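A.B. asks: Spelled out, the chains give:
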Amino acid sequence: MSFWERIYLPAILKGMFTTLKHFFRKANTVSYPKEQREFAPVYRGWHVLKRDEEGRENCTACGLCAVACPAEAITMEAAEREKGEENLYREEKYAAVYEINMLRCIFCGLCEEACPKDAIYLTDRIVPSDYVRQNFIFGKDMLVEGTTPDTRIDVTVRQKHLTEHK
Amino acid sequence: MTALLLFSFGFILEKAVLITVLFAVTLGVAAYATYGERKIAAFFQDRLGPSNAGPWGLLQPVADGIKMFTKEDFIPNKSERWVYILAPGAFIFVALMLSAVIPWGTTLTLGGLNWSLQVADVNIGILYVIGLASLGVYGIMLGGWASNNKFSLYGAIRASAQMISYELAMGLSLIAVVMLSGSLSLKTIVDQQAGMWNVVYQPLGFFLFFVCSLAECNRAPFDMAECETELIGGYHTEYSSMKLGMFLFAEYINMFISCTIIASLYFGGYHFPGLDPGWLGGLMGPIILLGKSFFFIFVFMWIRWTLPRFRYDQLMRLGWISLIPLAVVNMMLTGAGILFFGK
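Read top to bottom, the protein sequences are chains E and B. Converting from the first sequence to this note's numbering requires adding 152 to each position, the first position being numbered 1. Converting from the second sequence to this note's numbering requires adding 18 to each position, the first position being numbered 1.
For reference, chain E alone in the conformation it holds in the complex (with noise of 0.2 Å):
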């Protein structure tokens, strides 16, 4: 090694100046929650039980995304509509209880894949943080949504861009 070389200065100098450049550079650091970054138009994330046009829910508990589902993540509970319950369920069997357990739910989207009645869909919103494990089972208040206009949940984005790039 040259005499420059070893006594290290000119290659400690060089290495001190890069690291000036990068004090001076952007952050590439991004202030969630203040910022959010963008997601892919197919972000799979928090699911939700639709209902049809007349705010009916679609879910009729046959089983298939819970036999579908590669974490055991789901259970339901079926139940028989009564003779008030019309406008309430689309068919005569409905889901009393249904929970999908977030912790193990790895967010394939199969169960949106298996279900034949256009019941379960993932949205692109993010499953929201908790202290306690026993919160992370969401039931039918945590999955269904809402009959008013304001909270249904849009699902076209991902379903759109799934049907055109098949």
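Hints in this document: simulated from the structure, not taken from any laboratory. Quick caveat, the model's predicted, so the values are computed rather than measured. Warning: the hint list may mix true and false statements.
[As the list claims (entries may be wrong)] Heads up, simulated BS3-like pairs for lysine-lysine below, C-alpha to C-alpha not over 27 Å straight-line: (1) B:K57 / B:K85; (2) E:K235 / E:K245; (3) E:K186 / B:K33; (4) E:K186 / B:K85; (5) B:K57 / E:K178; (6) B:K85 / E:K173; (7) E:K166 / B:K57; (8) E:K245 / E:K186; (9) E:K202 / E:K173.
Based on these hints, arrange chain B on the given structure of chain E.
C.D. replies: Positioned in the frame of chain E, the structure of chain B alone reads:
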């Protein structure tokens, strides 16, 4: 008794106020040096650093202080109890004492009174600095030994060996400064740089003193003592809560004071070409000195986040085989320069 009569009440009051203000400023600067370190490290690494606690993360040192105070404060069973408790105190005591001889400015005129801005204008200023740098080893050594932990002891011994080795080269480069100014008093050295800064006459000496300051502060590529913290232990393994906080804080105080001394000895202290330290009633002097000190703190941090650390044998070889001969050569060159140019 007669000695007490030499100090009038006004003198004691003036010094007491100056010491209190200096103490507060030093602690404040050291606390925000921790914030600055994290922010500067982040910017060097293309990220943001603390930005949550208060605007731009400015309350982060407060949050860190609260965290340190509220942790469990334990004393290991088989440790040397009193030495264990007092070691961080010894470290921070020596770090703060160094600030007593630094000339912060000319004189401050407030309310018609003239306040001198140096707590102790002893005429052996530089000797005091070197002496205290040697005493600084005690805090680390006692902390590591009193923990009754083999790895703490090992880390402490390495840290103290490193600090002792680099004190020699530091002292030798300081001798060259003394040769230039003819006095050991820091105020005289600073005042003689009103025309031309010492770094112009002593570039090699400045480089040596800077490298030795990095080693004395256990910083940057010489942080053998700290790195053992990441790996095994180090002198502050067995410490928790505010005792650990004192060790970490004292390191930043040490860094701030070392940077201020570098600025005073080589970069003209409170003199700046074109700016008069007497402006703003004398406040311009401390502002200039603090500006230079902050610049050197930035350079310390810049070096830390660029270079990998030395291996222990490389470190000792550098101190004894490379820096001490260079310091002696520096002394000879300075002597020859004074002889030929009669400065």
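A.B. asks: Okay, which hints does this one fail, numbers in order?
C.D. replies: Hints 3, 6, 8, 9 are the ones this structure does not satisfy, whereas the remaining hints hold.
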